[in-house]
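Those sequence lines, one after another, are chains A and B.
Each position in the first sequence, counted from 1, maps to that position plus 135 in the numbering used here.
Each position in the second sequence, counted from 1, maps to that position plus 1102 in the numbering used here.
Keep in mind the hints are simulated off the structure, nothing from the lab.
Glycine included, every Cβ here is placed at the ideal spot set by N, Cα and C.
Watch out, some of these pointers could steer you wrong.
What the hints assert, rightly or not - Simulated restraints, written as ranges between beta carbons of each label pair:
| id | chain 1 | residue 1 | chain 2 | residue 2 | range |
| --- | --- | --- | --- | --- | --- |
| 1 | A | GLY204 | B | VAL1194 | 18 to 28 Å |
| 2 | B | GLU1200 | A | GLY161 | 18 to 28 Å |
| 3 | A | GLU220 | B | GLY1282 | 32 to 42 Å |
| 4 | A | ASP140 | B | GLU1187 | 28 to 38 Å |
| 5 | B | SER1288 | A | ASP150 | 47 to 57 Å |
| 6 | A | ASN179 | B | ASN1356 | 22 to 32 Å |
| 7 | A | GLY175 | B | PRO1521 | 24 to 34 Å |
| 8 | A | PHE182 | B | PHE1353 | 19 to 29 Å |
| 9 | A | LYS158 | B | LYS1156 | 41 to 51 Å |
| 10 | B | ASN1356 | A | GLY175 | 12 to 22 Å |
| 11 | B | LYS1169 | A | GLY204 | 40 to 50 Å |
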Amino acid sequence: MDVNDLTNHIPGTGDFIKIDQNKCNGCGMCVRICIVNLWGIKNNIAFIRDDYKEKCLECGSCGQVCEPGAIDFNYPAGGTGVIFERG
Amino acid sequence: MNVYDIVIVGGGPGGSMAAKTAAELGLKTIFFERGRRPGEKNSSGCGLGPRMWKDFPDLMKELTPEKCPSMRAGSAARCYFINEEGVVAGYVMSRPTESVSYEPAKSWITMNCYRSEFDPWIAEFATNAGAELKSSTLVVSLLKEDGKVCGVVDEHGEKYKAPVVIGADGAISIVAKQSGLRTKWSKDQITLVPQYDFHAPPKKIDDIMGDEALAVWWSATFPASYQVFFNDGFHQGLGNWLIKWDKNPLFYLNRVINLKYYQRLLRILEAKPRELQSHLLPWLQYPYNTHTDGVILIGDAGGFPCPLEAEGIYPAMVTGKIAAEVAADAVTSGDASKNKLSRFDKMWQKTSVGEEFEAGEELYNIWKALPFSPKETMTWFVPMLMEALGGIYDWSQPHTKRVRQIAAHIKSYMPQALPFILKYVFPLVAKIFEDDLDDMMDPQKLMKALPKVMELLPKKKKRRRRS
Ligand SMILES: Cc1cc2nc3c(=O)[nH]c(=O)nc-3n(C[C@H](O)[C@H](O)[C@H](O)COP(=O)(O)OP(=O)(O)OC[C@H]3O[C@@H](n4cnc5c(N)ncnc54)[C@H](O)[C@@H]3O)c2cc1C
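Using the sequences provided together with the hints, build the complete structure.
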């Protein structure tokens, strides 16, 4: 089953996850923890997929696991982003 | 500038309970929710504990299937035990036992209902009491004067001033961060819990599960996974501390789903996956840094989920109510200093939540070392337990021989089990029984009892023959 078929999003989030590539040490913890696979590593530096705004479940784990503090996770604009109809 | 007596960030069960209490105490109250309505951002098991009915009877008696159609009582729970091969080696079903002392806890273990129904339901009590709910609104920063918090700012730059701000904003709390109470959880204080919601026809659940609407899947191949049944579906989720994930969490959750036994259950329940969710859940030995000048943190924001099983809705409600009472006192007296608000700690420590945390460290440690250490612990724990529970149901040998086989096999696990008991079980028992334990463990008494116990144990197998 495709996990993306199992999530619902309201558009209009704006950017809400930022990565400071100078701080990233390429440890890959963000890649490991994200259950919808929004992170990748290129040249030893983490990047987030372009379509993350339509896919992110807003758990915020990426920001929590990032040891060097390169990932700045904030919630998206009020009334937008993921919704859990049966949370 | 909008001026209030109290600003509450978060419209979960903690925030709503705080808002309801504050409004009832006559405070001009506003609470913020980033979702379009409370609940749509929240993912939970979601079983409601009976202590909610005990402590808030007037409120909880209003929770009915008409208002929350997903309700289903978890009257009994199954514990499945899965071995290293991914086989369900056995299961135990249990109901509330004779020692459970009050209703509704005698009738069910949890009452299950979706957060999308429960959170708006409880928020309505707050708005009915006169609190103002601002939904679809993200609070982005705290308002400060002379370095002290005096309100919040929303995403549109609108300011809301109040002498007390309550951080009810859950696991990732902007209030905790900006007030300087906590920048981030350490990785052994916060768990990530991914979860599937499955749809299943209510009649199928009735027929197949009956009133066994709860399950825990204890396993040697994934961290313990819970299953909570609602009227027309169920949650299957699992969590672990951020420090413990060695693979993607979904890899482990899918291991549950892919168990042969689980697939069979899905087939007979005619269950179909309906939603995938992921949420953080603070899980601490003891809450710390819960307040400062003009700020109190409650519920998940304050780290209040139960240290053993992380039940968090009831603690959020208890701490939300107390925080509002402490805030009302601060507002009336014109003193919202850290010192004044420290009454919050004294008050929650006296509640059932506080009592739970008295053995917080020991409870936390045992959970971490047992169900959340599948490889290290459950690989021996599951077969050992099943040997004890199920070993005798066997026709392979004369039963006396079986008992000796079982005993010998259980003994073979002792090199792992004994250190575990010494490290995790004894400290917990010692903590719970404290003074009594000194007496129970009195070496002189033990020495006296020991020879008698030894006498009872057979030294050698006696050969008995009927003449
Ligand atoms: C998967 C999972 C399963 C669980 N199972 C159970 C269970 O079965 N039983 C149980 O009792 N507990 C369970 N828990 C724990 C329980 O869900 C939480 O402890 C409980 O929700 C805490 O309530 P709260 O009000 O403190 O925070 P939350 O319920 O997290 O509410 C916080 C609210 O604040 C809003 N918010 C956050 N930041 C902002 C902001 N900046 N501006 C505006 N709004 C904001 C959020 O949208 C949210 O609605 C589970 C948790 C998880 C993750």
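Requested in this report: Please flag the earlier hints that this structure goes against, numbers listed from lowest up.
Outcome: The structure conflicts with hints 1, 2, 5 and 7, although it agrees with all the remaining ones.
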